[in-house]
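6 protein chains.
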Amino acid sequence: MAETSHLLSVGDLKSLDTAATGRPFASLLVLKKLAAKTAANGNPFYSVELGDRGGSFNCTVFGDSPVFETLKDAGEGAVVRVEGKVEYYQGRFSPRLGKATALSETELGAPGLLENLVEVAPEDSGQLWSEFNAFIEGISQAELRATVRAVVDEIGDDFKWAPAAVAMHHAYRHGLLEHTVHMARACRALLPLYPEVDPSLAMAGILLHDTGKAIEYEGTLSTKRSRRGILQGHVVLGYQLARKAAIKAKLDADRVERLEHIILSHQGEPEWGAAVYAATPEAVFVSMIDNLDAKMGMVQRALRQANDANEFSERLPGLSSVLLTRPPGA
Amino acid sequence: MAETSHLLSVGDLKSLDTAATGRPFASLLVLKKLAAKTAANGNPFYSVELGDRGGSFNCTVFGDSPVFETLKDAGEGAVVRVEGKVEYYQGRFSPRLGKATALSETELGAPGLLENLVEVAPEDSGQLWSEFNAFIEGISQAELRATVRAVVDEIGDDFKWAPAAVAMHHAYRHGLLEHTVHMARACRALLPLYPEVDPSLAMAGILLHDTGKAIEYEGTLSTKRSRRGILQGHVVLGYQLARKAAIKAKLDADRVERLEHIILSHQGEPEWGAAVYAATPEAVFVSMIDNLDAKMGMVQRALRQANDANEFSERLPGLSSVLLTRPPGA
Amino acid sequence: MAETSHLLSVGDLKSLDTAATGRPFASLLVLKKLAAKTAANGNPFYSVELGDRGGSFNCTVFGDSPVFETLKDAGEGAVVRVEGKVEYYQGRFSPRLGKATALSETELGAPGLLENLVEVAPEDSGQLWSEFNAFIEGISQAELRATVRAVVDEIGDDFKWAPAAVAMHHAYRHGLLEHTVHMARACRALLPLYPEVDPSLAMAGILLHDTGKAIEYEGTLSTKRSRRGILQGHVVLGYQLARKAAIKAKLDADRVERLEHIILSHQGEPEWGAAVYAATPEAVFVSMIDNLDAKMGMVQRALRQANDANEFSERLPGLSSVLLTRPPGA
Amino acid sequence: MAETSHLLSVGDLKSLDTAATGRPFASLLVLKKLAAKTAANGNPFYSVELGDRGGSFNCTVFGDSPVFETLKDAGEGAVVRVEGKVEYYQGRFSPRLGKATALSETELGAPGLLENLVEVAPEDSGQLWSEFNAFIEGISQAELRATVRAVVDEIGDDFKWAPAAVAMHHAYRHGLLEHTVHMARACRALLPLYPEVDPSLAMAGILLHDTGKAIEYEGTLSTKRSRRGILQGHVVLGYQLARKAAIKAKLDADRVERLEHIILSHQGEPEWGAAVYAATPEAVFVSMIDNLDAKMGMVQRALRQANDANEFSERLPGLSSVLLTRPPGA
Amino acid sequence: MAETSHLLSVGDLKSLDTAATGRPFASLLVLKKLAAKTAANGNPFYSVELGDRGGSFNCTVFGDSPVFETLKDAGEGAVVRVEGKVEYYQGRFSPRLGKATALSETELGAPGLLENLVEVAPEDSGQLWSEFNAFIEGISQAELRATVRAVVDEIGDDFKWAPAAVAMHHAYRHGLLEHTVHMARACRALLPLYPEVDPSLAMAGILLHDTGKAIEYEGTLSTKRSRRGILQGHVVLGYQLARKAAIKAKLDADRVERLEHIILSHQGEPEWGAAVYAATPEAVFVSMIDNLDAKMGMVQRALRQANDANEFSERLPGLSSVLLTRPPGA
Amino acid sequence: MAETSHLLSVGDLKSLDTAATGRPFASLLVLKKLAAKTAANGNPFYSVELGDRGGSFNCTVFGDSPVFETLKDAGEGAVVRVEGKVEYYQGRFSPRLGKATALSETELGAPGLLENLVEVAPEDSGQLWSEFNAFIEGISQAELRATVRAVVDEIGDDFKWAPAAVAMHHAYRHGLLEHTVHMARACRALLPLYPEVDPSLAMAGILLHDTGKAIEYEGTLSTKRSRRGILQGHVVLGYQLARKAAIKAKLDADRVERLEHIILSHQGEPEWGAAVYAATPEAVFVSMIDNLDAKMGMVQRALRQANDANEFSERLPGLSSVLLTRPPGA
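These protein sequence lines are chains A, B, C, D, E and F, in that order.
Heads up: the first sequence at position 33 corresponds to 1378 in the working numbering, and the numbers run straight through without jumps.
Heads up: the second sequence at position 126 corresponds to 1471 in the working numbering, and the numbers run straight through without jumps.
Heads up: the third sequence at position 272 corresponds to 1617 in the working numbering, and the numbers run straight through without jumps.
Heads up: the fourth sequence at position 98 corresponds to 1443 in the working numbering, and the numbers run straight through without jumps.
Heads up: the fifth sequence at position 280 corresponds to 1625 in the working numbering, and the numbers run straight through without jumps.
Heads up: the sixth sequence at position 241 corresponds to 1586 in the working numbering, and the numbers run straight through without jumps.
Simulated from the structure, these hints should not be mistaken for laboratory data.
Any given hint might turn out to be false.
[To be verified] For lysine-lysine, the following PhoX-like pairs were computed, each having C-alpha atoms within a straight-line distance of at most 25 Å:
#	chain 1	residue 1	chain 2	residue 2
1	C	K1595	A	K1382
2	F	K1378	A	K1359
3	C	K1359	F	K1359
4	D	K1359	E	K1430
5	D	K1593	C	K1595
6	B	K1589	A	K1589
7	E	K1589	F	K1589
8	D	K1359	C	K1595
With the rest of the complex left out, here is chain A (with noise of 0.2 Å):
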């Protein structure tokens, strides 16, 4: 693959004025949309959306172009290596297109890749999933943590990559294994306080709470909803995932309903998504840890978001709120 020194970003292109018209350009991006549509004229052809870390731009891809099947069979979410030259449509940046080449896994996981291409959880993925891994192994009650590790097995890597939300808390690459190990975190810390709460049953019911969500969204690299997930939603897959898992790890009847209890519970109220209300303590508890946290999640990216030149973040629409990013005494 050609040096990436010499692969334009999109702040780069956008950069260019219209005297840049017709210069020759390389840049590596993911493919956001893909949009088929059909000419007036009867031929079919793409309305594109490429997009890295810093922004995204559309343009037009003919079916007779070279490119047209590479995109097609990319897919959305794709990462490619496009060539093409400089060119405006209605005084917005439009480049023509004259080649492109999809990424392999392999190539995607070259170091300093992603980063630049799409947001990626602060904290360092590895140590994440060790982390996650050993709160399975923590789960003292043994049906329990058999049940976590069957689902982790069946759904493990894309719950590795998934995002926590598309557009509200934790909304990037592994943020859903950011948001679980911190709940996981805070699990930990408070149940000595609440000694009415059975440990093994809110930490396995933390740990799959969401793991519908790697059924839910789909595509590595652009967040959209799959099928699964507009016809059954998060909160079911979840609860079926783990359904499955425990009658394979040969989980009691009563702790297959409560753990099955919280995942259906989680979202607080049914105008949230929850299926049924919290009525188990340790349905309450999780539930109000992965709000805490969610809430938690979204001031944690405004501070890394934050710029000295101004004290309050953008409006955050989780917290109906701007923030105040400066610390105290400062």
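With chain A held as given, fit chains B, C, D, E and F onto it using these hints.
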């Protein structure tokens, strides 16, 4: 069993006054509530609610009464033949029970007996059941037909007896069967008008949409939510019933997902209990027919209970209104 | 009139680029918006939106242009044949118009012409109109039949052309007629199942329930709310139409009140526009059929607009969801 | 009629205890509820609620009692002089009635009589009525003045007696008149400050805005919603009254529409019963004055009922709060 | 004071029946409500509610009774030793009181006395108080520590006794102290996980967030909202307490504002009482811990009150659900 | 300063087209937004929004431009005289600035200058200010008068200039003063009609109710929420201003509490920002007058901006409606 002609109804008992104190009586009643309590002296006693179709009354049964064990074994929802003496507590009818016998399932089958004890669907339940089975047979897609059949084989009897709700529409014995058959009739009538709706999927969805209620509600004669009903809700319970049966019936994956989706979305809005919004033509169709027949079921019940002296019914919570019960031009 | 074969559609015009600046063109377009403004120098000008079924564009027409008076006389919603030259303003297509002629009502009747300009109900409007009239004739109660006839005599043509909504369901030419006929078909199919519903009242209620929209919406080809629509709303306007016609038809007072009530309550909830909650069997029935067909109309339109490349439609606001547009087993 | 000095009030009767059983008494009472029922033996009887300003009690009147026909003829809301004997049923005062006579309208006019039976507006109703008529005469636009006059000619007496609400503000005899006059006073005071408001339209709108309530509520002394009130609501009823009168008074079409609009929109929000949102200066103005005086009416009533021993009133649902009833500095 | 062994509890009194009429008794009770009324003859009397932990009853005390003045002086919330005779009014226990003595604060301190009269926090209040003070000492930022100390110096005793709510969570004696200490424990456990949260600010915010409730609720043994509580609410009252103390403690302006903000925003949403949305990391953190511990406090109380005979608790309004009270695997 | 006759307004600049590229110009503009950013090469630059009453445009100012420091020192909300050359970026007007000078406060006072830059209250601000002070002098209770005077002494100038809102009613320069004076006029007009309202308290409450907005909004010419506004909100800020002033003025405790309560409750409902519900006659009265004048202020502004060509205004969010802007009978 004693002739029912000598049994006093709740209405009969309440028409007595304190002059009747001490008079012996016998009645056939449903054990509606049985709450265990402990007296100041440490002795156990039951606060008991007994009733029939016309109302109910409360009384107390102490731990040393022979009635105590009978009621304990019978449990809430049982039908008991009681004998006792008329007494009043704080001006309210509150008899002293001397004897109680629980009826067997066989005895409950005696003609006309249940109708005196609980509200029953106005249509004959045997005919509703035959019609329900005929609707199953009428599903042309074989695996969908087999799926519905498998669910009904699993929960048929409970389904046949269950009310459609605790308090809103079709909230009476066989109400769930009646509501389902009414929806199937409406479905058959409307399918020719909406050709984009797949007939087999829609009919299977209707026949199964509320089957989770056969698990959510428990008790033959008193309706309350079961543990599984509280912890999972009828939507998820019905989804699970359908999923298991569909896999057994080897239904193709596409239709499994669509059938599950109809059940998961039939409540319409998340705040009314839907796991997801309806996102297939069949799911929208079933959800709307459910709403139509639920509301018309409230109308039909109010008309059955209408009283010549009043032009309007009592306020019907499900309609947010009273209902004009006289026919036009009357 | 010039041959339409040489007329460019909005899609054609938008596929041009700045290289075409200055090129003459002719198009047949709807005058969608006409906003009078005053330039800094005090001269009047119009900000104009012109469009067809495929989109729209904006341009400016100054007071000294011959086009100015033509557009002023034609008014919003008129169909105009324009000639002009391709120009761009701030990178957007914004032609300079040199000539404009408004089409007469007769010219608008030319086959296929309107279909290119606005979205039209998929069923033939002539057949819908015949079926609508047959439903009127099918009302057995004579005065109710005469009432419906009298309303249609008063607002028939507007009713025939109106959309059923500005933005939600059946929001296209003849959409109101189509929605009403679809409801009447559903009513006919369901009446045998709900014998407590008076057939004449229910059918008259359906045929009249939305007639106020023929007054609420105005403009043949652009839909906007009229002054009366803003100040009174279609519910009260329809009630008034029915009341006047019913008195003329000597309908008995009891049925007048019930018919008015169906119209006043058909929106279901006060926050959706109902003046009162439905409080008669017929009003509940009509309100539920309205809801059913409105939702199914959204489904039908999304299926018509479905695209082979996408499994799901765009998000449909009225369903709060995307829609799976492929048939089962496909 | 017997001297009222010997008549016992509900308070007097309730202060008796069971030792008084059998004692004869006479009272002047409002027939608040009259529910026809059928005893187990098939005989008709009435469940009766009788009351005065200080409370109410229930008793039973059987079909063979001479009182039965008297109450049936008198109907709910009548004032009756009853004679009977003190009895208790289940510990509650529940007399046996031996004789009942309904008062004529003339007898009802006896000074002080009604004040003992129902809550009455604190201002003199005769003076309020004069002031109301003076406000009509003060409308300078002649046709608007005639329109208001025509409505009042049609429903004047009912308007004069009606409460302004069943349960919220000004919910007492003459309350509607009082509230309307108070709003007219506020209108007169505020008009100089809001010159964009047309005085004649605003005043006519205020005088007519709630006239539909004279039809919506029925019964001289017990307030319940009439059939027309349930099926149409006071907003539409008032609109219809105004429309008919305006046409009779030859009011110009523009003002007819604006006057109707004030009535249709005065409830503010659709969920509070408005048919449309206020969209003229006069409609916004009237709606705000209505809200102001309704809330201040709740304050005034709470102050009238204030009790020296308590600093705060009971919770007032219309204010979502208790009210501090002592003056500042007290 | 008389030996408590001869005192009858409310439960004892209610287990009596009318046969006990006239029997003398003595009880130690809380004066829960004291409503001044005027009899028809103009004489003053009190409608009195007396109760203990097991329930309450009503009786009437006339102005010429020696008890009248005692109760008047004692006021709502006092603990009184009453002597009287068993009587019934309308079938309900309603004794005639002959003597009443209010207990002094010293007498109230007798071991075990209060626990019989009101619900008390399950943890020892002395230890909670020590732990609360240790949390103050643990605040490392000196001025924040001094600020918290100054508030506690001002309202400490009221704070120590107050419930955390009238009806929702921790609604019992010392409940506010208990809830605050529980939150402080959770804060200490979670701080290492959220390093962006300033420890001193968060802990000071938690210790002060609800101090306004020590003013909002009044009465040692009956909880009702004070005049200041009604007119200002605990959020503003707590803000004012903190502001005054912070200025006294010379806390820097930046931290004063942040501390005030935590108090002003801790209720989360404006409709739940927040003056503003949380807009600092510490405010989000405190608000989430408040929510977590409030919900877990409802769980803990329901578990304490659990009954072996019932698998589920009564419905808990704060959780919108019943709660499964048996531990897993039981 | 250069003659304003040669200065181009934003409207003038936007009427230019790309043919004017490179043309020099000078303008007097408000610095509406100034966002510090860092270019890919690490250099700082400002994204700048400049505007006047007729609109705004964006441009970029790099760190090495002499304009950079001027804008940095001036800050958002400053008025600057800029000179530059016409340029376009992506088809939008985006000039290159060569010179910028901030105007002094004295220069801002030049007649007519501000009116061209920002929307200003239609009434003369000097006269409004005199009237406002006369209302203060008219408060008969001396300490209340002194309290209002003390608040105005503290925040008078900010109060005089502030808008009453960022986006809803009276959202323009002096809007807060204008709204307050209008409310005071309405108060004076209505007080004779509601004698239960204490005139001094009500008037003081009105004059102070929104004074917190003088702190909540900052910037002379661009309105944004200040740090204190975000962290505390105008309700609490106004309460604090009044409290401090009242203590200084030695107002009695009862009136302090009532005055504070008016401010804390004037927003009506908690979800609209009220700290508590209005619970005194004066608080209900002030809250209702606030609502009345806020809505009428929206009406007045829409009428000022009305356009002969359109019968209705644009949709007014605060009224949830368009407004009919022609007078009746016109």
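A quick look at each hint next to the structure:
1. Taken as a hint, the K1595 of chain C and K1382 of chain A pair is broken in the structure, with Cα atoms around 58 Å apart against an allowance of 25 Å.
2. With a C-alpha separation of about 22 Å, the suggested pair K1378 of chain F and K1359 of chain A falls inside the 25 Å cut-off, and the hint holds.
3. Distance hint between K1359 of chain C and K1359 of chain F is fulfilled; the C-alpha atoms sit about 24 Å from each other, no more than 25 Å.
4. Among the hinted pairs, K1359 of chain D with K1430 of chain E is consistent with the structure: their alpha-carbon atoms are about 22 Å apart, no more than 25 Å.
5. As the CA atoms of K1593 of chain D and K1595 of chain C are separated by approximately 21 Å, the hinted pair is consistent with the 25 Å bound.
6. For the hint pairing K1589 of chain B with K1589 of chain A, the CA-to-CA distance comes to about 11 Å; that is within 25 Å, so the pair holds.
7. Of the pairs offered as hints, the one joining K1589 of chain E and K1589 of chain F holds, with about 11 Å between alpha carbons and a cut-off of 25 Å not exceeded.
8. Between K1359 of chain D and K1595 of chain C the alpha-carbon distance is near 54 Å, which puts this suggested pair outside the 25 Å criterion.
Violated hints for the displayed structure, listed by number in ascending order: 1, 8.
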